[in-house]
Amino acid sequence: MTRQQAAASQQERSLRAVESPAERLTMVQAINQALKAEMERDETVLVLGEDVGRDGGVFRVTEGLLDAFGSERVMDTPLAESGIVGFSIGLAAAGFRPVAEIQFMGFLYPALNQLFAHAARMRNRSRGRTHLPMVVRMPYGGGIHPPEHHSESYEALLVNTPGLKVVVPSTPYDAKGLLASAIRDEDPVVFLEPKRIYRAFREEVPSEPYTVPIGKAKVVKTGTDLTIIAYGSMVRQALEAHDALARDGISAEVVDLRTLSPVDAGTIIESVTKTGRAVVVHEAPRTGGFGAEIVALINERALVHLKAPVERVAGYDVVFPHALLENHYLPNRERVVAAAKRALEF
Amino acid sequence: MPRKIIHQAVTERLEILDKDGRVDKTLLPDLSDDQLLTLYRMMIQMRKLDEKALNLQRQGRTGTYASLRGQEACQAGMALAMEPQDWLVPSFREHGIMTLRGIPAHLIYAFWKGDERGDLFPEGVNCLPPSIPVGSQLLHAAGVGMALKLRQAAAVAVGFAGDGASSEGDFHEALNFAGIFQTQTVFLIQNNQWAISVPFKRQTAADSIAQKAHAYGIQGIQVDGNDVLAVYAAAKEAVDRARSGGGPTLVEALTYRMENHTTADDAIRYRPAEELLYWRERDPIDRMRKFLVSRKLWNDKKEVALAEEAAAAIEAEVERLEAMPAPSPVEMFETMYAQMPWNLQEQRDEMAREVGR
Chain D
1 MTRQQAAASQ QERSLRAVES PAERLTMVQA INQALKAEME RDETVLVLGE DVGRDGGVFR
61 VTEGLLDAFG SERVMDTPLA ESGIVGFSIG LAAAGFRPVA EIQFMGFLYP ALNQLFAHAA
121 RMRNRSRGRT HLPMVVRMPY GGGIHPPEHH SESYEALLVN TPGLKVVVPS TPYDAKGLLA
181 SAIRDEDPVV FLEPKRIYRA FREEVPSEPY TVPIGKAKVV KTGTDLTIIA YGSMVRQALE
241 AHDALARDGI SAEVVDLRTL SPVDAGTIIE SVTKTGRAVV VHEAPRTGGF GAEIVALINE
301 RALVHLKAPV ERVAGYDVVF PHALLENHYL PNRERVVAAA KRALEF
Chain F
1001 MPRKIIHQAV TERLEILDKD GRVDKTLLPD LSDDQLLTLY RMMIQMRKLD EKALNLQRQG
1061 RTGTYASLRG QEACQAGMAL AMEPQDWLVP SFREHGIMTL RGIPAHLIYA FWKGDERGDL
1121 FPEGVNCLPP SIPVGSQLLH AAGVGMALKL RQAAAVAVGF AGDGASSEGD FHEALNFAGI
1181 FQTQTVFLIQ NNQWAISVPF KRQTAADSIA QKAHAYGIQG IQVDGNDVLA VYAAAKEAVD
1241 RARSGGGPTL VEALTYRMEN HTTADDAIRY RPAEELLYWR ERDPIDRMRK FLVSRKLWND
1301 KKEVALAEEA AAAIEAEVER LEAMPAPSPV EMFETMYAQM PWNLQEQRDE MAREVGR
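First to last, the protein sequences are chains D and F. According to our numbering, the first sequence is numbered sequentially starting from 1. According to our numbering, the second sequence is numbered sequentially starting from 1001.
Please keep in mind that the hints were generated in silico from the structure rather than gathered at the bench. Among the clues, some could well be false.
Said to hold, decoys possible - Below, in silico cross-link-like pairs of lysine to any residue (SDA-like), each with a Cα-Cα straight-line distance of 20 Å or less:
id	chain 1	residue 1	chain 2	residue 2
1	F	Lys1113	D	Ser126
2	F	Lys1004	F	Ala1215
3	F	Lys1149	D	Arg286
4	F	Lys1149	D	Ser71
5	F	Lys1236	F	Gln1035
6	D	Lys216	F	Gln1035
7	F	Lys1149	D	Gly95
8	F	Lys1052	F	Ala1264
9	D	Lys341	D	Asp317
10	D	Lys216	F	Met1340
11	F	Lys1296	F	Asp1034
12	D	Lys216	F	Glu1346
13	F	Lys1149	D	Gly70
14	F	Lys1149	D	Phe69
15	F	Lys1052	F	Ala1311
16	D	Lys221	D	Glu204
17	D	Lys216	F	Trp1342
18	D	Lys216	F	Leu1344
19	F	Lys1290	F	Lys1004
20	D	Lys216	F	Pro1199
21	D	Lys218	F	Trp1342
22	D	Lys218	F	Asn1343
23	F	Lys1113	D	Ser71
24	D	Lys216	F	Gln1345
25	F	Lys1290	F	Arg1022
26	F	Lys1149	D	Lys341
All chains should be modelled from the sequences, with the hints used to inform the complete structure.
Following this line, the structure appears as structure tokens:
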């Protein structure tokens, strides 16, 4: 953790003024705590997926749950993504709150029919009579040097599907609070976990349950010269860029979206109205990516305040490269700084 | 080391009532005269429902419609085997059994008219809305069956699909999940032998769908799907087994789609006419009528009275359909989420201004 981030983290802790005991946790541990707490709080909460039981999940996110809650509430399923999501739909329709794990977002495709054709539509199709309080959580994104299909971030597909909510935490604290909100939500929530930062840093996380609201972005750095808008692991690149820009005397505001659907337009527009410049950062491919939606929102609602075109820093429109080239694909501090300077020098 | 046989299985086919109304008394299920008459009444009601639906479509009063003609025994037999607390997980040709489970016919017609309010079922009816992506709903039936098991409920989930669905991956995943978790689920596959224009022999090289149960470690049986007594007997055995914790069952009801796939289809392009004649002689309603007459439970007078009663009931439902006020366009925003997000609120308001509401 850089000195600046440590300072930021310190500032966050004091801002929260949390009374309850807190531990310094990784995102994996924070998510695990959220699952445990929600399962204790509500006996209809179930966890299911590949390797989530005995193994505790390939990233250990579900570690200890099987022992704590038993095999009826923590189900190791067959290796079948459509099955996991479709089975969860049935469980949710009949009164449970399943939290399904898809092992990697790159393996979500077989389940998209269940997610798009049913999970997203059931409340509307039944005109409100049947709803699906379910969460489909999965590690997503690059940066861990895995084989093919383990690095994808196709959140734009999900955001373009009415009926779903899409949540992406960028810190352990938010991960715990947002997952609690997702599990308590009455509608299907896709919970994307940026696996690159599963264990990248720790922060203080209250031991007791709490929620972070879905649909609310967070201004993680206030600034005046431009707004950097990011989510997931890209928030770290945005913060690094913020620090680099600060050394050049540039004051960047950093907005962590935290929820992509429904996106918090108010926070984005308020920030861009103030700064007049924006850089949107995501690691998913550029064309048709979620950044385009943010740019469109800004154009619709803050055009007269803009001093420069909104910049996009995104993954390239290529198949996600294997380990040796992935660092060339993923947006980094330098690319964000360069985009910020283009906006500033326009 | 010799080669060893690790699995051997047999798959049964059950027939009780033949096309001439004769029964195998040794297999006859234990049904009262009233129950026998109920099965017949159910089938007549479904046929009236279906005939009216086709008329309404031809007259332009509803939209594209998928007929269930020929499959009445499959749906009546299962309906009688089910208890009120059981769950129906239908595909799009199950509106017959849906009405038998308490969903009024005007809602069925509304659905086929293109009115989502047709899927707003009365409280107390455990039925998911019809699923159109073929086979996908079977996973929901497995999941509901799991929920019932976890809750130790004396209830079962009955998932419906057709022969085409047996080719889908979700068919495999659903039976696999149901088998592994021993869910309280019954899968009723109405093999009507045609998936639009593709015949059953193009869905599988296997002799039957029922035999696939063996591969999932669950029970499977084929029944004559035009024999309401056989369907009932197999369905009852299956739901009783699931209810008592004995595991899921795959029931294949071999039947025939007497109509086009939907009203947008023209089956003459691909189906031999002789086939239709063969199956017309095996009509599920005719053979049950012959049986009831032979048992002195039925006669022409009762037939006329039932036909009039069923027709009057359907006419009343058509009146209810046509008395439904037009849906408000802004309704499309109302049931997307428990709480409407800001973007939908904006879009709803925009539409409300456009339509002047």
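Now for the hints, and whether the structure bears them out:
no. : hint                    : verdict
1   : F/Lys1113 <-> D/Ser126  : holds, 16 Å
2   : F/Lys1004 <-> F/Ala1215 : holds, 18 Å
3   : F/Lys1149 <-> D/Arg286  : violated, 46 Å
4   : F/Lys1149 <-> D/Ser71   : holds, 13 Å
5   : F/Lys1236 <-> F/Gln1035 : holds, 13 Å
6   : D/Lys216 <-> F/Gln1035  : violated, 58 Å
7   : F/Lys1149 <-> D/Gly95   : holds, 12 Å
8   : F/Lys1052 <-> F/Ala1264 : holds, 17 Å
9   : D/Lys341 <-> D/Asp317   : violated, 23 Å
10  : D/Lys216 <-> F/Met1340  : holds, 15 Å
11  : F/Lys1296 <-> F/Asp1034 : holds, 13 Å
12  : D/Lys216 <-> F/Glu1346  : holds, 17 Å
13  : F/Lys1149 <-> D/Gly70   : holds, 15 Å
14  : F/Lys1149 <-> D/Phe69   : holds, 17 Å
15  : F/Lys1052 <-> F/Ala1311 : holds, 9 Å
16  : D/Lys221 <-> D/Glu204   : holds, 18 Å
17  : D/Lys216 <-> F/Trp1342  : holds, 12 Å
18  : D/Lys216 <-> F/Leu1344  : holds, 16 Å
19  : F/Lys1290 <-> F/Lys1004 : violated, 50 Å
20  : D/Lys216 <-> F/Pro1199  : violated, 53 Å
21  : D/Lys218 <-> F/Trp1342  : holds, 17 Å
22  : D/Lys218 <-> F/Asn1343  : holds, 19 Å
23  : F/Lys1113 <-> D/Ser71   : violated, 45 Å
24  : D/Lys216 <-> F/Gln1345  : holds, 16 Å
25  : F/Lys1290 <-> F/Arg1022 : holds, 8 Å
26  : F/Lys1149 <-> D/Lys341  : violated, 60 Å
Checked against the numbered hints listed earlier, the structure breaks hints 3, 6, 9, 19, 20, 23, 26; every other hint is satisfied.
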